[in-house]
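Student: Chain by chain, the residues run as shown.
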Amino acid sequence: MLKKQSNKQLFSLFAVVSLFFLAFTQSAYATVKIETWQTQGGAKVLYVYAPELPMLDIQVSFDAGSARDGDKWGQASMTTALLGLKTNQYDETELSQKINDLGAQIGGSVGRDMASFSLRTLTRESILTPALSLFNATLTDSVFDQAIFEREVQRRVVGLKRQDLNPGSLASKTFWQELYGDHPYAHPVYGTVKTVESLKLSDLEGFYKQYIVTQNATIAIVGDINSKQAKAISEQVLKGLPKGKKPQPIPVPAAPKKAQEVTIDFNSSQTHFKQGQIGVERGHPDYYALFLGNHLLGGSGFGSLLMEEVREKRGLVYGVGSGFSPMKQAGPWLVSLSTKNDSAQEAKKVVNDTIKAFMKDFDATHFEAIKDNLIGGFPLRIDSNGKIISYIAMIGFYDLPLDYLDTFPKEIKALSKQQVLDAWNRHIDVSKMTTVMVGQVK
Amino acid sequence: MIKISPPMFKLKLKLKPMVKGKLSRSLCGMVVCSMLSFPVLAKVTEYQLDNGMQVVIKEDHRAPVVVHQVWYRVGGTYEQPGKTGLSHMLEHMMFKGTKTLKPGEFSKIVSQLGGQENAFTSSNYTAYYQVVGTQHLERVMQLESDRMRNLVIIDEEFDKERDVVTEERRWRLEDKPTSKLREQFNAVAFLNSPARNPVIGWMTDIRSYSAQDMRDWYQQWYAPNNATLVVVGDVEPEKVLALAKTYYGKYQPEKIPTLKPQTEIEQEGLRRIELKGATKVPTLQMGFHVPSLVTAKTPEEKQEIYALSMLSSLLDDGESSRLPTSLIREQKIAASASSYYSSADRLPTLFYLSGTPTTGHTVAEVETALLAEIEKLKKEVVSKEELERVWAMSEASYVYSQDSTQSQAMILGSLVSVGLPTNTLNNWIDNLRTVTPEQIQAVAKKYLHRDNLTIATLYPDGKDHSGAKAYKGRH
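Residue numbers (the working numbering), protein chains in the order written: chain A, 20 to 461; chain B, 103 to 577.
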């Protein structure tokens, strides 16, 4: 596969190189051959040929997540929810019938960085053509209708009210707010009852016009269509959207200067515990070392130290884990568990002791075993179209090198124990943790 | 991370939600059909070993990966009062060591192979799986076959794991009023059938298990003639069979207990319960007693199952289906509304309806509107257009389901474990296509009536939960 090059070179060279690989490597070689180009509108495209099943997946991602909400929390998510309900050509019932008649699946989702829209369809000609045309219409020709908007706000409010009395959601929401303070990552992706109720339809129209533009789009395509078809499809999918421009980068978050601990008294049988700090952004050179270390500490289920100490040795929890969520800007590193109220302090202490011990030293044999897990398990990460499209959408959206998937096992293999310890001690400071506990903490 | 697994089969062939013993992952919806022909739709190879163990193999050569699963015919509906959840607890103990492996060692070995592994328990079965690079198939088969007969349950390990399961129950149920509602609804809809048992078990039952209960349960049910091996992936069936003979074929069959029928008594009038919980949002769960594909024996009875499946899809499959169209978009009374038919259960089952009112509307309105949709199905025959739409979606979903080898293995294992043939899959859409509008009307009239209905409603407990304010402590 291609090694790191500048993106410009990649765009011009890649098609040729991957054709070569297509011709000379068949199934046995577990890797993903990505082609990339730019549409006339400036959207970046990543494409993987997967001829085994007569189906096509497309994901179009925009830098239009809740981090772009400003003070109108929930704006991004409501915009995503309204797109594709009604178009200038079809009302809601007609549109949903047209999509269902084809057996096509069209959906949207939103996170802090990204709003993304997906199509899954059969590639039979009589289905593919109308499915693509409907997908294009949902993105480019949606109508922002006042009555639909009001109804969807009411439905969203029901969901938010339900979350308000869920101790796990409450803990998670509080953790992000404490950790990120005034940063755009701080507020909940779906907003709050109050902020969603105060949204106006014109807010969503404005949000759509600013962010759902081709310059701000990444298109990922996986399926049983050839490269030439994929090029045509990539032009067609966003046809009719203005070029617009990329938004300004999200500001760099400032980490809390000292430890902070928030307790919420809540009438539940378990206490939900979240602890962590700000980690790194996607593409950070230390990410591999942090990820590998986290896999050992709390990222690999039963192979990890936290599971061993908190569940296997003491029976305190059903699940405990830790993870980095690298984002456009530094995302959090978070340890999460829930335990009966009486055990909350004990579980917290075990977690803290485990992290401290891990950051001083860990067992070399265990370290090698965890590396084996990641390297040996790599083919499992890319064994379906569904998994591949998630990866290439991520590679495209975060501007990761195209050989990211090939590099991953190699980078992991090359890391030494000391490099992992050094990276952790550079990024994680146990004296500055943000901790949230929701429950009847004793 | 850890999350509740959603109802498994989101589309046609629906099974009950399961309780996962370890880190759970969500499973995609899937349907079946036969008229599509492409290379990946390889045939399923079936064998029976001399000791009675069933073997189901499906080739899928897209990636150098294999799914290896062993399914035991034991689960929530096999359990007796006072010992509910025993199958699930035993599933946890299966990771706690054998005559040759220390507690936790199984998972460590699979992890080092780069594998993923897990286990899950439902009303109908308990299953264990590993996903590994193809070259490791023999190793995981050796490990899995070891714990089929050589499990060692150590008292101290059992005590700790029982604590883990109580935490699991707290996490899944105790602080989630809607999950609690479903559990209690089920226990009222079924009065004497073991279908009323919660898969995870009642808390009091969990607390009073002994290590010996586990050993006895293991001894009763874990034998080759009560198990199915499912292998899907980059394999050659003959080689898999040879390995299966080596590792599973060496065990003697056991005498498997025969269950008493515990046939659910006929329901002769509406049942209704209320639950109050820490919620701001009331919600509604309803269900009618219906047969399943397993309990339906004659072709006429099986035709009813296909008609009920079509009926469920007409109500709630895709945004254009009747419940979202009517309750959410037209009447604007529900934030959510759904139907669900658990068609592949071992025992007679339920046709579910559920809904949550949107702001400014009541559960009573949602209840009335859901039942009105049922009445409409009895009065008016459905259009050809609506049926065609369901068939088209089913066929497409079938192709999509082929994208995951794990989903394919799940379907095969769950069918065989309730005694359905593996070609149930291949014939499914053909069978759906034989359903007529009149048959849908007939099953609606026969089963979806008030005397056969249970309704459970969750209401806010009226307590003030707004006092949940954060305070910063200690720093």
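Simulated from the structure, these hints should not be mistaken for laboratory data.
Think of the CB as a built atom: it goes at the ideal place given N, C-alpha and C, for glycine as much as any other residue.
Errors might be hidden in some of the hints.
To be verified - Pairs of lysine-lysine residues, derived as DSS-like cross-links and limited to a Cα-Cα distance of at most 30 Å, are as follows:
| id | chain 1 | residue 1 | chain 2 | residue 2 |
| --- | --- | --- | --- | --- |
| 1 | B | K378 | A | K180 |
| 2 | A | K375 | B | K262 |
| 3 | B | K282 | A | K213 |
| 4 | B | K481 | B | K548 |
| 5 | B | K204 | A | K436 |
| 6 | A | K332 | B | K210 |
Claimed, not checked - To spell it out: a stretch of chain A is covered by chain B in this simulated footprint if at least three of its residues, at any positions, have a beta carbon under 8 Å from a beta carbon of chain B; those stretches are:
| id | stretch |
| --- | --- |
| 7 | 227 to 240 |
| 8 | 275 to 289 |
| 9 | 401 to 408 |
Student: Counting residues of the stretch 401 to 408 of chain A whose CB is closer than 8 Å to a CB in chain B, do you get three or more?
Tutor: With 5 residues closer than 8 Å to chain B, the stretch 401 to 408 of chain A meets the three-residue bar; holds.
Student: Take a quick look at whether K204/B and K436/A sit within 30 Å of each other, Cα to Cα.
Tutor: At roughly 27 Å apart (the allowed maximum being 30 Å), K436/A and K204/B satisfy the hint.
Student: Given the proposed pairing of K332/A with K210/B, does the C-alpha separation stay at or below 30 Å?
Tutor: Holds, because 15 Å separates the two Cα atoms, which is no more than 30 Å.
Student: Do three or more residues from the stretch 275 to 289 of chain A put their C-beta atoms closer than 8 Å to C-beta atoms of chain B?
Tutor: Satisfied; 13 residues make the cut.
Student: Within a Cα-Cα threshold of 30 Å, do K378/B and K180/A meet the stated pairing?
Tutor: holds, 16 Å
Student: For the pair we were handed, K375/A and K262/B, check the Cα-Cα distance against 30 Å.
Tutor: Within the cut-off at roughly 25 Å; holds.
Student: Does K548/B lie within 30 Å of K481/B when you go C-alpha to C-alpha?
Tutor: holds, 13 Å
Student: Decide if the proposed pair is consistent with the structure: K282/B and K213/A, CA atoms, cutoff 30 Å inclusive.
Tutor: Holds, because 29 Å separates the two Cα atoms, which is no more than 30 Å.
Student: Would you say the stretch 227 to 240 of chain A counts as covered by chain B, given the rule of at least 3 residues with C-beta under 8 Å?
Tutor: With 0 residues closer than 8 Å to chain B, the stretch 227 to 240 of chain A misses the three-residue bar; violated.
The earlier numbered hint that this structure contradicts is number 7, and it is the only one.
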